[in-house]
Each structure stands twice: as structure tokens, then as C-alpha cells.
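K.L.:
Sequences listed follow chains D and H, in order.
Quick note on our numbering: the first sequence kicks off at 1 and runs consecutively.
Quick note on our numbering: the second sequence kicks off at 101 and runs consecutively.
Derived by calculation from the structure, the hints in this document are not laboratory data.
Where hints are given, some of them may not hold.
Stated by the list, open to error - Cross-link-like lysine to any residue pairs, in silico, SDA-like; alpha carbons within 25 Å at most:
hint, chain 1, residue 1, chain 2, residue 2
1, D, 35, H, 141
2, D, 5, H, 138
3, H, 123, D, 53
4, D, 35, H, 138
5, D, 91, H, 132
6, D, 5, H, 170
7, D, 23, H, 137
8, H, 123, D, 92
9, D, 23, H, 170
10, H, 188, D, 91
11, D, 70, H, 168
12, D, 35, D, 70
13, H, 123, D, 81
14, D, 91, H, 170
15, D, 90, H, 170
16, D, 91, H, 156
17, D, 91, H, 102
18, D, 84, H, 132
19, H, 123, D, 50
20, D, 90, H, 182
21, D, 70, H, 184
22, D, 70, D, 13
23, D, 37, D, 70
24, D, 90, H, 184
25, D, 90, H, 136
26, D, 37, H, 136
27, H, 123, D, 13
28, D, 84, H, 150
29, D, 90, H, 156
Unchecked claim - Over 12 Å on every C-beta distance to chain H, these chain D residues come out as not near it, computed from the model:
hint, residue
30, 5
31, 7
32, 15
33, 17
34, 18
35, 19
36, 24
37, 29
38, 40
39, 44
40, 57
Cβ atoms here follow ideal geometry from the backbone N, Cα and C, with glycine treated the same way.
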Amino acid sequence: MFLGKVIGTVWSTKKDENLVGAKFLIVRQVDLNLKDKDNFVIAVDSVGAGEGEIVLVATGSSSRQTEFTKNKPVDAVIMAIVDKLDVPLKKYLQKQENLA
Amino acid sequence: MFLGKVIGNVWATRKYEALHTFKLMFVQPINGENENIGEPIVAVDTVGAGPGEIIYYITASEAVIPLPVDMAPVDASIVGIVDTINLKS
């Protein structure tokens, strides 16, 4: 799973009929400091996320493992809304980056 | 399976129903020499790992297998804590 920020919604009327009723959100990947990265993904929402929220996105075949997305053409799903990040070893990461 | 180091955890009250009892951890992938490779990921903890520990994790749809639920949108889970690594250099 990766961290992302919901930056918008996608509307579409013509789509695979299995996808009728799905809520699509545009998610921009963010790093541990919640700074924007360059990757975007369109993900199906399974938790009721809204714009501006930090979420976790599961990708690949795992994203078909929800009641709604089962056997549907989906490869990214929002599976949690993040309240707080607790990363005590963040400094260790930065130290290694500086050494490299 | 890949080696990683637990660097922190994620607090998320609102998550997919089947995942309510699981811990979500930040994992930094590492190589055998304890050097960071790539970006941190988020993985579900099934063994009780804590920050600072070296673990191994599985990815893709197999990540659901160690969880005691039928279906869950999980693409990475921690399946073991590493005691030692023996590397012939």
C-alpha cells in the first residue's frame, strides 16, 4: 500500500458495466512528510474518503478483494483513511540518504 | 518475499471493515547489508513487529493469505521477524 492524497473525483457515464456505482477518486502519491510526489492513480473508494484526505491505496490484484470490487476490472482501491503517521525512524532514513 | 525494516506505524480509524483489528506499519525495503532500497511502503502486520525490527514481507494478492479473513484489500503484509542474516560476502 502507498500513501496518497485525494485531489479530486472522476465522473464517467460510459464505462464497463461492472463499474456502475463505483466512486472514483484521483489520488496523488505523497511521501512520509506528506509532500507531493509525481505519481497519480485513479482509485475506487471503499471507505468513504473525500477530497484533501490522506489515504492508503492498495494496488494490483489485491484491490479486487473487497465486496464491491470482487471480479471487477479494478486495480487500485482506497482501503484506509489516515489519521496520523508515527514514524520514529524517520531520522534514520534521512541519515542514510545523506550518507549516500 | 522481501526484507524490510519497520520504521513506524499508521493510525487509521476509518479503514475497510475486514481490516479493523490489524496494525498498519511503514516498512522501508532493505537489502542483505541493511541498506535502504527504494521507497517505504505500508504493510499489514501479522506477527507483532515493532519499529526498528528487520522483517520480511510478502506483496501482491498473496498478502491476504496470512490474514484470518476471506477477503481484504491488502497488497503487502509482514509475515516474519528476522533474527539473523548470514551473508557470505
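K.L.:
For this structure, which hints from the list above don't hold up?
P.N.:
Of the numbered hints, 6, 7, 10, 12, 14, 15, 18, 21, 23, 27, 37, 39 and 40 do not hold.
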